[in-house]
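Protein chains in written order, with numbering that gives the first Met the number 0: chain A, 0 to 385; chain B, 0 to 340.
If you're looking for bench data, these hints aren't it; they were derived computationally from the structure.
Be aware that one or more of the hints could be misleading.
[As the list claims (entries may be wrong)] Label pairs and their calculated CB-CB ranges:
{"#": "1", "chain 1": "A", "residue 1": "326", "chain 2": "B", "residue 2": "128", "range": "50 to 60 Å"}
{"#": "2", "chain 1": "A", "residue 1": "370", "chain 2": "B", "residue 2": "126", "range": "53 to 63 Å"}
{"#": "3", "chain 1": "A", "residue 1": "71", "chain 2": "B", "residue 2": "281", "range": "27 to 37 Å"}
[As the list claims (entries may be wrong)] Simulated crosslink set (DMTMM-like; lysine to aspartate or glutamate; CA at most 25 Å straight-line):
{"#": "4", "chain 1": "B", "residue 1": "23", "chain 2": "B", "residue 2": "33"}
{"#": "5", "chain 1": "A", "residue 1": "44", "chain 2": "A", "residue 2": "111"}
{"#": "6", "chain 1": "B", "residue 1": "46", "chain 2": "A", "residue 2": "158"}
{"#": "7", "chain 1": "B", "residue 1": "221", "chain 2": "B", "residue 2": "106"}
{"#": "8", "chain 1": "B", "residue 1": "23", "chain 2": "A", "residue 2": "33"}
{"#": "9", "chain 1": "B", "residue 1": "23", "chain 2": "A", "residue 2": "128"}
{"#": "10", "chain 1": "B", "residue 1": "23", "chain 2": "A", "residue 2": "158"}
{"#": "11", "chain 1": "B", "residue 1": "23", "chain 2": "A", "residue 2": "111"}
{"#": "12", "chain 1": "B", "residue 1": "46", "chain 2": "A", "residue 2": "183"}
{"#": "13", "chain 1": "B", "residue 1": "23", "chain 2": "A", "residue 2": "297"}
{"#": "14", "chain 1": "B", "residue 1": "221", "chain 2": "B", "residue 2": "332"}
{"#": "15", "chain 1": "B", "residue 1": "23", "chain 2": "B", "residue 2": "47"}
{"#": "16", "chain 1": "B", "residue 1": "180", "chain 2": "B", "residue 2": "2"}
{"#": "17", "chain 1": "A", "residue 1": "44", "chain 2": "A", "residue 2": "33"}
{"#": "18", "chain 1": "A", "residue 1": "44", "chain 2": "A", "residue 2": "281"}
The beta carbon of each residue, even a glycine, is placed where N, CA and C say it ideally should be.
Residues per chain are reported as follows:
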Amino acid sequence: MSRSRTATHADAARPTDRLLSCLDTTGHLHTEPELPAGVAPLDLKQALLQMTLARRLDTEAVALQRQGELGLWPSLLGQEAAQVGAASALGVRDVVFPTYREHAVAGCRGIDPVDLLGLFRGTTMGGWDPAATGVQLYTLVIGAHTLHGVGYAMGVVRDGDVGHGDPERDRAVIVFLGDGALSEGETNEAFVWAAAMDLPVVFFCQNNQWAISAPFSTQSRVPAAQRAAGFGFPGVRVDGNDVIACHAVTAKAVARAHAGGGPTLIEAVTYRRNPHTTSDDDGRYRHAAENDHWTALDPISRLRSHLEGLGALDDEWLEELAAAERTLGARVRRGCRELPPPPPDQPFLHTLTAMTPELARQREAHLAFVAGADGIDGADRSEERS
Amino acid sequence: MTEQMSMVGALNAALRAELEADEKVVLSGLDIGELGGVFRVTDRLAKDFGTHRVITSPLGEAGIVGSAVGMALAGYRPVVEIQFDGFVFPAMNQLVTQLAKYRHRSDGRLSLPVVVRIPVGGGIGAVEHHSESPEAYFAHTPGLRVLCPSTPAEAYALLRAAIRSQDPVVFLEPKKSYWAKGEVDTAAGAADPVELDRARVVRPGRHLTIATYGALVPTALKAAAGLATDGTDGPGGPGGPGGGIEAEVIDLRTLAPLDHVTVVESVRRTGRLVVAHEASQSGGIGAELAARVQADAFYDLEAPVQRVTGHDTPYPPSRLEHDWLPNLDRLLDACDVALAF
């Protein structure tokens, strides 16, 4: 069985290989010299809430796919800490460029969970307003959006929105990517651009060990964080199942970007516990034992243990959490089925700014066809023609 | 003010005018700063507008186009340069899967006003990958506008309109026409955006339509002049091969969306169509026009649509390009075939 090289002893000897962490697997908080406590305070109960709700959304979405309500779902199970830790470190003016698995990030940014489903149900190619949410649309082409984040950051620099020390004014871009994206040429171009132009970009790589069936060792012979040095900016490895550490390293990188210090690559070492998507069969390429190993490192139970140890979770709060979960679940199940189907001419309306005469003709013909086809099934039509 | 300038000069003037008119216009590409681009289209613009607006980018075509997508999302109007036609392919992913699709994906909420300038076409004795005609790839992708000017005046007006368009535009600049001079009215300002959907009848005629674009427009005009004057003793007399033929020449100039209506209207009057382009034949702009004309003007056609194109081969070594490319003789031969029906 292939295992990530990130876990080998040889790699651990290198300075950038050290995995920064604050919260151990039993929920005990320990000192991390590079991430001093208090530098990047995190509302731990809010983080637990966000992670729990993201997992509930994920569970519901997988079930909806199994029921035929969604065509596909890319699960985030196991990556909640990386996403909530990173997203909670962002200012309201910072802009997110996601892949297609950043459901917890979207939740932290206030995107309606039902809106996340449209792309996978087939009612939209987008689903939300990037300008209103600060979250760009999901990108299914691996790595393509890394360059969009770079270009956006070029705009931020041209707007003069870095280096003021004013959180109301300074802006940064955070680009989420997976370990598979490290192999894409476009990601490497994005690293070159960001470095050469000192752009305010945080590249947040969730190294979840698998790009569908290809292990991390197929993408890289060195830890992802080490790549950054070759481009000339800092790389940092963090325990991706430790929400406190993920939050702290992201806050540090965002602060650096805000100050005009340039890009950072964060490698959050985590694990995708479900198959790549609901269409994937991960039993063909990895053993259940590996999943068991990472399940023991579960990010939610780790934080929950910590808060329980502090006596911070009283019954009342836990009941509120459970109620919030139930409400979300019901809302997602109902909302998914109620997502409005797009009008048949939706693509025609938004291909170009103005509809050309030819496109108008095609639209009219298509609408007439759709109207005429209504109520006649395929078999009837083929009989008519035979 | 009307003045004589080359197409390179006209493009430079258009970029200068738009940089002056809108501070959100930003140029980016290889070598476009101090050097002024390998064809000098951006000559002196970095000096006059600053390197923060005229950016010499790192070397990477996907990066040039991909970062333009991001800049547009941030509210800018990037005009980026691909150095040569054959080098655009590393950026095809950004053009096809990202730039072209964003408006649709966002249900019309987002516009990407990006112009991707690409020097195209052959006939200048260049080495490999410096003479390609990739227009059909772009024209086949819904969501992109594809423009190709044929004269300095057209280059000036179309580029200004392209920069002002809210749609992404692939702007193809025929290298062979870069140094040909013509009158440009720089006082005319930006063209009406509707021009981005319109072909242009550059010479009226009633016996035959020649539809083409870019560097072949002057060739088509020469063919039309030849058909009009070269002997009047042809077998067909006026309206037949070899003399007194009034050929209508249409400069398509907008390859996507393609203004087939202007061509169909012309063919309804002339009954004959010859399409010419440097790009290889199969699946090309000529194929699209032929299909449109037979669908919309079937009973008006007196002859099958003729295509004069590059061949379905890789672009040849430049010592062979003279005969490989559509030239005056091949165009006249095709006209004769159409007229002989």
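Hint check:
1. A:326 - B:128: 50 to 60 Å: For residue 326 of chain A and residue 128 of chain B the Cβ distance comes to about 59 Å; the hint holds.
2. A:370 - B:126: 53 to 63 Å: holds, 56 Å
3. A:71 - B:281: 27 to 37 Å: holds, 35 Å
4. B:23 - B:33: Since the Cα atoms of residue 23 of chain B and residue 33 of chain B sit roughly 21 Å apart, the hinted pair holds (cutoff 25 Å).
5. A:44 - A:111: holds, 21 Å
6. B:46 - A:158: holds, 20 Å
7. B:221 - B:106: violated, 46 Å
8. B:23 - A:33: violated, 40 Å
9. B:23 - A:128: Since the Cα atoms of residue 23 of chain B and residue 128 of chain A sit roughly 22 Å apart, the hinted pair holds (cutoff 25 Å).
10. B:23 - A:158: Between residue 23 of chain B and residue 158 of chain A the Cα gap is close to 10 Å, so the pair holds against 25 Å.
11. B:23 - A:111: violated, 32 Å
12. B:46 - A:183: Violated. Residue 46 of chain B to residue 183 of chain A sits at ~35 Å, over the 25 Å cutoff.
13. B:23 - A:297: Not satisfied, since the Cα-Cα distance of roughly 47 Å exceeds 25 Å.
14. B:221 - B:332: holds, 13 Å
15. B:23 - B:47: holds, 16 Å
16. B:180 - B:2: Within the cut-off at roughly 10 Å; holds.
17. A:44 - A:33: Holds. Residue 44 of chain A to residue 33 of chain A sits at ~24 Å (cutoff 25 Å).
18. A:44 - A:281: violated, 33 Å
When held up to the earlier numbered hints, the structure conflicts with 7, 8, 11, 12, 13, 18 and fits the remainder.
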